[in-house]
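Protein chains: 2
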Amino acid sequence: MAVRLYVEKRLTKGAAFELGPEQTHYLVHVMRLAARDRVRLFNGRDGEWDAVIEKQSKKRILIAPKKCCRPQDTIANLWFLFAPIKRNCIDNLVEKATELGVAHLKPVVTERTETKRINMKRLKAHVIEAAEQTKRLCIPKIDEAKPLEKVLNDWPSARRLLLCDETGGGPPILEAIVRAGPGEWAILTGPEGGFTRGELDALRQLPFVISASLGPRVLRADTAAIAALTCWQAVLGDWKKRPNFRFKETTS
Amino acid sequence: MAVRLYVEKRLTKGAAFELGPEQTHYLVHVMRLAARDRVRLFNGRDGEWDAVIEKQSKKRILIAPKKCCRPQDTIANLWFLFAPIKRNCIDNLVEKATELGVAHLKPVVTERTETKRINMKRLKAHVIEAAEQTKRLCIPKIDEAKPLEKVLNDWPSARRLLLCDETGGGPPILEAIVRAGPGEWAILTGPEGGFTRGELDALRQLPFVISASLGPRVLRADTAAIAALTCWQAVLGDWKKRPNFRFKETTS
Numbered sequence: 135m136a137v138r139l140y141v142e143k144r145l146t147k148g149a150a151f152e153l154g155p156e157q158t159h160y161l162v163h164v165m166r167l168a169a170r171d172r173v174r175l176f177n178g179r180d181g182e183w184d185a186v187i188e189k190q191s192k193k194r195i196l197i198a199p200k201k202c203c204r205p206q207d208t209i210a211n212l213w214f215l216f217a218p219i220k221r222n223c224i225d226n227l228v229e230k231a232t233e234l235g236v237a238h239l240k241p242v243v244t245e246r247t248e249t250k251r252i253n254m255k256r257l258k259a260h261v262i263e264a265a266e267q268t269k270r271l272c273i274p275k276i277d278e279a280k281p282l283e284k285v286l287n288d289w290p291s292a293r294r295l296l297l298c299d300e301t302g303g304g305p306p307i308l309e310a311i312v313r314a315g316p317g318e319w320a321i322l323t324g325p326e327g328g329f330t331r332g333e334l335d336a337l338r339q340l341p342f343v344i345s346a347s348l349g350p351r352v353l354r355a356d357t358a359a360i361a362a363l364t365c366w367q368a369v370l371g372d373w374k375k376r377p378n379f380r381f382k383e384t385t386s
Numbered sequence: 135m136a137v138r139l140y141v142e143k144r145l146t147k148g149a150a151f152e153l154g155p156e157q158t159h160y161l162v163h164v165m166r167l168a169a170r171d172r173v174r175l176f177n178g179r180d181g182e183w184d185a186v187i188e189k190q191s192k193k194r195i196l197i198a199p200k201k202c203c204r205p206q207d208t209i210a211n212l213w214f215l216f217a218p219i220k221r222n223c224i225d226n227l228v229e230k231a232t233e234l235g236v237a238h239l240k241p242v243v244t245e246r247t248e249t250k251r252i253n254m255k256r257l258k259a260h261v262i263e264a265a266e267q268t269k270r271l272c273i274p275k276i277d278e279a280k281p282l283e284k285v286l287n288d289w290p291s292a293r294r295l296l297l298c299d300e301t302g303g304g305p306p307i308l309e310a311i312v313r314a315g316p317g318e319w320a321i322l323t324g325p326e327g328g329f330t331r332g333e334l335d336a337l338r339q340l341p342f343v344i345s346a347s348l349g350p351r352v353l354r355a356d357t358a359a360i361a362a363l364t365c366w367q368a369v370l371g372d373w374k375k376r377p378n379f380r381f382k383e384t385t386s
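Sequence lines, in order, name chains W and S. The first sequence maps to residues 135 to 386 in our numbering. The second sequence maps to residues 135 to 386 in our numbering.
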């Protein structure tokens, strides 16, 4: 399978450019690619391009887009609000959210959030890597962490906020999503220790909040997030679309 | 929140017993519990019991069940067939499958399965820990790994097998599950590299196999598993049940 890289440069036929030092290192020293090898490029605007390495040295790669092989698509403008959790788990969480088609990642600090400092650079690198592997044509935006209260104060009133309520307060999640129907949505999951009773009470009183239950067992923060994003994509998102790239590549 | 422990002993009022060395170590040295402290016990048969530590030394704990606080329930007899993946990922996978209510874990070796040796002892310990934390009243069974072909040859014909088909060959997953309806089910996900074309062709011809698509992006093996188990529980499983233990404990 071809290596896929996210780049910021404009992609247009034959307009060669140099890759940055990290991607150069990856292609030369990890993937061991050289002149005339092919890679795939995307930038979130111009679709996916078949590209060829024109010149390669240890520290420089010049790469030229040759042919657009997938037109740019758009994904649902789904937001994902999550309380930061500990290091490996947060990496896993943003990776899964990227695979599950989130457009905008918004870390929120809740009362029981223990992880208050986030390494944004590392998180962005994870998000890009996940987008490359999951064959997205865009990368999710990611905000700096903000207090949940502040995010709720500035909330756009037309956007629904699905609250994964671990106390079982809301209707079952599929029912909650089907009942509210299409529109702009965000999904909110709590930290390891859950939301406090005060937070849950305040959230439930907001007109845009839709509580939902994720069944009778306790789910870890990351499981709850993947489960909620899955239900949303399966009911209102793009899971009815077929992949437009796979049949060729999976012939063995 | 009380410590929950899975034990094999019969649980009945006042019938005290000694814990094994690992659980003793955990209670004494990790949780720092002592005589008169309370824990919760379950064994998969007698419900959940409030229990009290009667005697404690560095190496011995005598514990007595006092009161049954949750009656034994039954969970759906859902099987989960998965190709073993690398160490940390497989730990994560069985943990999530336990949270998502799987009754029986069946590792299957497929053509592209690279991880052929599984440390069953470690995996069982993970499954028990996950069951304790997710508040299950039973632990999932877990088989030794077998070749996929052998498992399919011995298949009980009335049980449906949901194939997470990364080529997008099947209908969207919710549609596939809703259309087939209630009954005995199993869910199958592949290894990191996916199934081979030959495996997919063979699987699709089996009368009990139901192919399903998980949307237009490539999902990692563990994401696909969590997503498929979520959809099954949300449509046919117990996600319409409310938790029967949480309101008290989440008051802050």
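No wet-lab data here; the hints were simulated from the structure. Beta carbons: idealized from backbone N, C-alpha and C, even for Gly. Possibly wrong hints are sitting among the right ones.
[Claimed, not checked] Computed, partial: chain S to chain W, Cβ under 8 Å:
{"#": "1", "residue": "R170"}
{"#": "2", "residue": "L308"}
{"#": "3", "residue": "A310"}
{"#": "4", "residue": "S345"}
{"#": "5", "residue": "G349"}
{"#": "6", "residue": "R354"}
{"#": "7", "residue": "Q367"}
Results of checking the hints against the structure:
1. At its closest, the beta carbon of S:R170 sits 26 Å from a beta carbon of chain W; the interface hint therefore is violated under the 8 Å criterion.
2. The interface hint given for S:L308 holds, since its Cβ lies 5 Å from the closest Cβ of chain W, which is under the 8 Å cut-off.
3. For S:A310, the interface hint is violated, the least distance from its beta-carbon to any beta-carbon of chain W being 11 Å, above 8 Å.
4. For S:S345, the suggested interface contact is broken, since its CB lies about 12 Å from the closest CB of chain W, more than 8 Å.
5. Annotation: S:G349 was flagged as interfacial toward chain W, and the flag holds, the nearest CB pair being 4 Å apart, inside 8 Å.
6. Because the beta carbon of S:R354 sits about 7 Å from the nearest beta carbon in chain W, less than 8 Å, this interface hint is met.
7. Among the interface hints, the one on S:Q367 holds; its C-beta lies about 6 Å from the nearest C-beta in chain W, closer than the 8 Å criterion.
Against the hints set out earlier in the document, violations occur for numbers 1, 3, 4.
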